[in-house]
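Engineer: Using the sequences and the accompanying hints, generate a full structural model.
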Amino acid sequence: MLKTRQWADKFPLELVSPATVKAVVGVGVFAAVTAVAAHIRIPLPFSPVPITLQTALVMLAGVTLGAAGGAASQAVYIVAGLAGLPVFAAGSSALLGPTAGYIIGFIPAAAAVGLATRGGFRLTTLLPALMIATIIIYAAGVAGLVILTGISLKAAVTVGVAPFLAGDALKMAAVVALSRFTIPFWRGATS
Amino acid sequence: MNSQFLFVDTDSPIHRLHPITKIIGLIVLFVPAMAFNRPEAQLVVLGLAVLLLGIAHSLVNLRRLYKFLLVLLVMSALMWALFLRDVPEDTQLLATLGPLTISDVSLRYGVAMGLRITALLIFGLVFISSTKPEDFTYGLRRMGVPVTASVALALAFRLVPTFMQTVQTVTDAQRARGLRLHGGSLLGRLRRYVHLIVPVMGYALRRADDLSRALEARGLSAPGRRTEYFRPQATWTDATVLLVVVALAATCIYLRIGGYGELLPRL
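Residue numbers (my numbering), protein chains in the order written: chain V, 12 to 202; chain W, -4 to 262.
Simulated from the structure, these hints should not be mistaken for laboratory data.
Please read these numbers as outputs of a predicted model, since none were measured by experiment.
From the three backbone atoms N, C-alpha and C, an ideal C-beta is built for every residue, glycine too.
Watch out, some of these pointers could steer you wrong.
Stated by the list, open to error - Once the Cα atoms are required to be at most 20 Å apart in a straight line, the calculated SDA-like pairs of lysine to any residue come out as:
{"#": "1", "chain 1": "V", "residue 1": "K165", "chain 2": "W", "residue 2": "I97"}
{"#": "2", "chain 1": "W", "residue 1": "K127", "chain 2": "V", "residue 2": "I89"}
{"#": "3", "chain 1": "W", "residue 1": "K127", "chain 2": "W", "residue 2": "P227"}
{"#": "4", "chain 1": "V", "residue 1": "K165", "chain 2": "V", "residue 2": "A150"}
{"#": "5", "chain 1": "W", "residue 1": "K127", "chain 2": "W", "residue 2": "L210"}
{"#": "6", "chain 1": "W", "residue 1": "K127", "chain 2": "W", "residue 2": "L206"}
{"#": "7", "chain 1": "W", "residue 1": "K127", "chain 2": "W", "residue 2": "R137"}
{"#": "8", "chain 1": "W", "residue 1": "K127", "chain 2": "V", "residue 2": "L93"}
{"#": "9", "chain 1": "V", "residue 1": "K165", "chain 2": "V", "residue 2": "A185"}
{"#": "10", "chain 1": "V", "residue 1": "K165", "chain 2": "W", "residue 2": "T91"}
{"#": "11", "chain 1": "W", "residue 1": "K127", "chain 2": "W", "residue 2": "T157"}
{"#": "12", "chain 1": "W", "residue 1": "K127", "chain 2": "V", "residue 2": "V90"}
{"#": "13", "chain 1": "V", "residue 1": "K165", "chain 2": "W", "residue 2": "G93"}
{"#": "14", "chain 1": "V", "residue 1": "K165", "chain 2": "W", "residue 2": "D81"}
{"#": "15", "chain 1": "V", "residue 1": "K165", "chain 2": "W", "residue 2": "P227"}
{"#": "16", "chain 1": "W", "residue 1": "K127", "chain 2": "V", "residue 2": "A94"}
{"#": "17", "chain 1": "V", "residue 1": "K165", "chain 2": "V", "residue 2": "L176"}
{"#": "18", "chain 1": "W", "residue 1": "K127", "chain 2": "W", "residue 2": "L57"}
{"#": "19", "chain 1": "V", "residue 1": "K165", "chain 2": "W", "residue 2": "L95"}
Said to hold, decoys possible - The calculated label-pair distances, taken between Cβ atoms and stated as ranges, are:
{"#": "20", "chain 1": "V", "residue 1": "T135", "chain 2": "W", "residue 2": "P260", "range": "34 to 42 Å"}
{"#": "21", "chain 1": "W", "residue 1": "A90", "chain 2": "V", "residue 2": "S28", "range": "55 to 63 Å"}
{"#": "22", "chain 1": "W", "residue 1": "L92", "chain 2": "V", "residue 2": "G199", "range": "47 to 55 Å"}
{"#": "23", "chain 1": "W", "residue 1": "E84", "chain 2": "V", "residue 2": "I143", "range": "35 to 43 Å"}
Structural biologist: The structure is reproduced here in structure tokens:
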């Protein structure tokens, strides 16, 4: 590490610090995991629409990588989808369908969770952060529905928010459980 | 899914293009798909996308993904047909579903949007089928994208198939141990999915740790000017292809301004 710094001082050209390497890899890995999570579907007994773990991974990216890393991972995820990688859940109609707002909302949602959990794993900050992230995703999604389709706000909330709230509560519980080991693993290894 | 995922290792005219030509070409080809919202016009764009995939000798990927594309097409068409409200007042109402309705215009628009998304994905498929992740990274860097961003994107491209394979492997392993993922109460189902998610996340994080060490060991964090073994040269073919693609996009915009391929006055 010290040697690298000495070399950097001597040749101040293009330098990517080891911490940045770790962050870059984290961004790529979480973009890929979010893509894969979109394809893990949990069928529900009471609804024809299954739960996907996509939004849980959005939040986990923020919790694990921090605000900048989490947001960057979601931006990379979206760019990968635009470049043709089949990364979006089949039902989400990608970035050009009526649900585009939800996907755009992933970036600020991951950043918000990352900002709120800078201090590490604390349930008192994590839970409100996850709720705020969920609200951000829904706000962006409903705005997208209203703007793109001309549907009324009430109808957008009825079809675009209400049916998924129970699933979101369970996803938050999953994120809390998973972040207990992702935060120490990733942040411990980074510092 | 193999480790190379959707890249088709063959020698086609599209494979031989410079990475920057392919990146710009992909972006510009979004224009014809976005220009029209009549189903007939979108069908022509979809035909163009499939033709390009054929030129790239990559129709195998269409066979591999046709179910996914079909679901996407139908779901997208349905969603737009159900949600679209900006339709003329004299349209014929076909069905009502709670607060949502389907009219003849919203249905046609929905079909056009389904075809559009499918065409866009196939344009993307042409790119992915003919471009290795390292070529993509090289192209991005030559276009001025920071090395950190291009490496992260290349990693995402490489890791999606690996992680999908891991999900399949873990699912098979847990099923072999008697885990039943479907059936039972909601809480029971979710609890069983923990046996799938935790090993996959554990694998992903371990893999990330290994990767960052490997990238450091290979000098990503080293100071100094970067050099490349791989330096493709742009040829006149690249210039011609770019010219044709830009002319095509300009023609589509011109046609749309003239009212061709327009079902509704919106994108």
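Engineer: If a hint holds in the structure, say so; if it doesn't, say that too.
Structural biologist: Going down the list of hints, with the structure as the test:
| no. | hint | verdict |
| --- | --- | --- |
| 1 | K165/V with I97/W | holds (18 Å) |
| 2 | K127/W with I89/V | holds (19 Å) |
| 3 | K127/W with P227/W | holds (13 Å) |
| 4 | K165/V with A150/V | holds (13 Å) |
| 5 | K127/W with L210/W | holds (18 Å) |
| 6 | K127/W with L206/W | holds (19 Å) |
| 7 | K127/W with R137/W | holds (15 Å) |
| 8 | K127/W with L93/V | holds (16 Å) |
| 9 | K165/V with A185/V | violated (29 Å) |
| 10 | K165/V with T91/W | holds (17 Å) |
| 11 | K127/W with T157/W | holds (15 Å) |
| 12 | K127/W with V90/V | holds (16 Å) |
| 13 | K165/V with G93/W | holds (12 Å) |
| 14 | K165/V with D81/W | holds (16 Å) |
| 15 | K165/V with P227/W | violated (54 Å) |
| 16 | K127/W with A94/V | holds (13 Å) |
| 17 | K165/V with L176/V | holds (16 Å) |
| 18 | K127/W with L57/W | holds (18 Å) |
| 19 | K165/V with L95/W | holds (11 Å) |
| 20 | T135/V with P260/W: 34 to 42 Å | violated (51 Å) |
| 21 | A90/W with S28/V: 55 to 63 Å | holds (58 Å) |
| 22 | L92/W with G199/V: 47 to 55 Å | holds (50 Å) |
| 23 | E84/W with I143/V: 35 to 43 Å | holds (40 Å) |
The structure fails to meet hints 9, 15, 20 from the earlier list, while all remaining hints are met.
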